[in-house]
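> Kindly generate the complete structure, drawing on both the sequences and the hints.
If you count by full-length UniProt numbering, then the sequence shown holds residues 1 to 250, one letter each, in order.
Everything labelled a hint here was simulated from the structure, so no lab data went into it.
Heads up, none of these hints are tricks.
Pair ranges (Cβ atoms, derived): (1) 62 <-> 203: 26 to 32 Å; (2) 230 <-> 164: 25 to 31 Å; (3) 22 <-> 188: 15 to 21 Å; (4) 225 <-> 82: 43 to 49 Å; (5) 67 <-> 116: 37 to 43 Å; (6) 163 <-> 86: 32 to 38 Å.
Nothing here was measured: the structure is a model prediction, and the numbers come from that model.
Just so it is clear, CB atoms sit at the ideal spot from N, CA and C, and this is done for glycine as well.
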Amino acid sequence: MIGRFMLIDADAMLGRYPRRDVGTGSITEALDRMDRFGIAEAVVSHTLSWLHDPATGNRELLGLVSGQPRLRPCWVMLPGTCGETGTPAEFVRAALESGVCAVRAYPADHGYDLAGADCAAMLAAIAEAGLPLLMDAAQTGWPAVESVATAHPELRIVIGAIGYRQLRQVAGVLARTANVYLGLANLSSHCGLEWLVERYGARRLVFGTGAPVRDPAEAVTRLLWAELDDGAVAAIGAGTLQGLLPVGAA
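Below is the structure:
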């Protein structure tokens with residue numbers, strides 16, 4: 001909590017990141033970082049789920065966040081075709097029983113087409129369960145995001161790490177869909193946040209830091225120093241995400 005604004009980080013990770021030194025990825029480091037930046041809670045996935053094996057990383061994540069009410073687990077999905085994480089129904093049932101509040105996808109890194117037939121059943125199951133789907137922009141293209149959003153209108157999709165030169169593509173997708181949202185991590189366009197809020201409303205944006213790979217100060221400063229009214233800051237900081245999480249998880 002910074003001042004009167006609650007911040008819930010929708011884009012954080014536990015586990016060591018091997019590509020550069022950003023700490024050990026421990027629970028202690030995550031909570032200390034959250035305290036330093038006034039972040040009340042975080043939705044966290046595990047580096048093992050991304051860079052090694054989703055099934056292993058998802059299990060490891062549950063052990064790490066057990067007894068940590070400020071850290072909400074986010075599992076990584078795969079298409080159900082190879083059976084690595086079970087059938088879509090099995091994956092979703094296990095996720096809900098384990099208190100998972102969101103699902104993250106890495107279609108580029110894990111080698112599948114998000115908008116293809118292989119993913120359709122898994123995405124439908126995730127949507128039916130009321131779990132939001134989180135993803136970085138580099139993991140897929142905007143046509144695929146729009147295709148999935150149109151095919152699964154009940155699926156809430158949050159795209160983060162948008163960077164600097166994608167607002168024209170973003171604008172069209174936001175205009176044509178009602179279930180695509182943007183994360184703040186690396187939302188780098190000058191006054192891009194203010195423009196997005198003016199055009200599409202604060203409820204299409206979700207606070208996220210990309211920690212520990214990105215410095216949380218980036219997203220915190222972008223939100224709290226933006227030329228936005230208090231209602232918009234509060235919605236982006238926590239309100240939008242709370243509305244996206246499944247009933248009982250907010």
